[in-house]
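Let the sequences and hints guide you as you build the complete structure.
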Amino acid sequence: MTPVMGQYIRPEAVAWAAFILVVGLTFAGALIAVLPRNIIYNVFGLATCILGVAGLFIFLGSEFLAMMEILIYIGAISIAIVFAIMLSQPMHVRIPPAWRPKLYLSFAVSAVVFVSFSVIVLRTPWAVALERSQDWTVKRLGELFLTRYELLFELISLALLVAIIGAIITAAALGGGRKPEGEP
Amino acid sequence: MNSLHTYLFIALVLFCIGLFGLLKRRSLIGMLISVELMLNAVGLNFMAFNRFLAPDPAVGQVAVLFIMGIAAAEAAIALSLILALFRKIRSINVEQARQLKG
Numbered sequence: 001m002t003p004v005m006g007q008y009i010r011p012e013a014v015a016w017a018a019f020i021l022v023v024g025l026t027f028a029g030a031l032i033a034v035l036p037r038n039i040i041y042n043v044f045g046l047a048t049c050i051l052g053v054a055g056l057f058i059f060l061g062s063e064f065l066a067m068m069e070i071l072i073y074i075g076a077i078s079i080a081i082v083f084a085i086m087l088s089q090p091m092h093v094r095i096p097p098a099w100r101p102k103l104y105l106s107f108a109v110s111a112v113v114f115v116s117f118s119v120i121v122l123r124t125p126w127a128v129a130l131e132r133s134q135d136w137t138v139k140r141l142g143e144l145f146l147t148r149y150e151l152l153f154e155l156i157s158l159a160l161l162v163a164i165i166g167a168i169i170t171a172a173a174l175g176g177g178r179k180p181e182g183e184p
Numbered sequence: 001m002n003s004l005h006t007y008l009f010i011a012l013v014l015f016c017i018g019l020f021g022l023l024k025r026r027s028l029i030g031m032l033i034s035v036e037l038m039l040n041a042v043g044l045n046f047m048a049f050n051r052f053l054a055p056d057p058a059v060g061q062v063a064v065l066f067i068m069g070i071a072a073a074e075a076a077i078a079l080s081l082i083l084a085l086f087r088k089i090r091s092i093n094v095e096q097a098r099q100l101k102g
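Going down the list, the sequences are from chains C and P.
According to my numbering, the first sequence is numbered sequentially starting from 1.
According to my numbering, the second sequence is numbered sequentially starting from 1.
Calculated directly from the structure, the hints in this document are not laboratory data.
Owing to the predicted nature of the structure, the values given are computational and were not obtained by experimental measurement.
Errors might be hidden in some of the hints.
[Unchecked claim] Here chain C is said to cover these stretches of chain P; the calculated rule only asks that three of the stretch's residues, wherever they fall, bring their Cβ under 8 angstroms from a Cβ of chain C:
1) 8 to 19
2) 33 to 39
3) 47 to 60
4) 65 to 71
5) 74 to 85
All C-beta atoms, glycine included, are put in the ideal place defined by N, C-alpha and C.
In structure tokens:
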């Protein structure tokens, strides 16, 4: 930012505006992901919410995780959900309206969870670690993945492989309510 | 903007919105979307502790990356199960899936 601009727009103000924008994106996206009856709006809400969370990750100091968040959640999971919507229930089918007490009960349960967790958050004396390293680089992350967390890393890869194969088998072979035309 | 409590409360609100959706929705895909919201809230919590408290800032990022991997696997499995269920009962409404009801 040039000094001339800096006289009129303070960097802290820009940071605050960006923070409010990001938090707003997160909450608005989460509400859109939950409230509308039309399922395709929910997916768009989820994508908006993920964008907001990625922005919050940047505020928390990790650009790498923000990129991964966008890649994995918006690039893979949201697209997979859109595919599942496309292959399952047609959009024009009207769903009967919800049973009202269920709505109130679920609101009450989440309100109780909110209150109890906020009491925990406020009551706990959070202690900062005595010695804190400031190494936020991706290099350190890669080193940890291949040394201390090597086993977990390999296990996650195995779990993903098994999940993919299992998903293909479940969706292709075990679905079998109706055989496609042309097969005996 | 720069305190632990702000981020913890943002994550808490996100978690509660996800919980509300998980209890309220009857469409299985809607429930899956709510679960993704809750997983994101957990990841946000990890990153907040990582930024303000933890001795080594790489560890929290590793945890969040593992959460993302598990979330991807979970979404793949859940969506294929939803498709299989839809082929069986022609619906993705949980209230229609009652073959095992006694």
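Here is how each hint holds up against the structure:
1. 8 to 19: Coverage by chain C holds for the segment 8 to 19 of chain P (11 residues, Cβ < 8 angstroms).
2. 33 to 39: Result for this restraint: holds, n = 4.
3. 47 to 60: holds (count 12)
4. 65 to 71: Contact hint for the segment 65 to 71 of chain P vs chain C: holds, 6 residues under 8 angstroms.
5. 74 to 85: Three-residue rule met by the segment 74 to 85 of chain P, so holds; n is 10.
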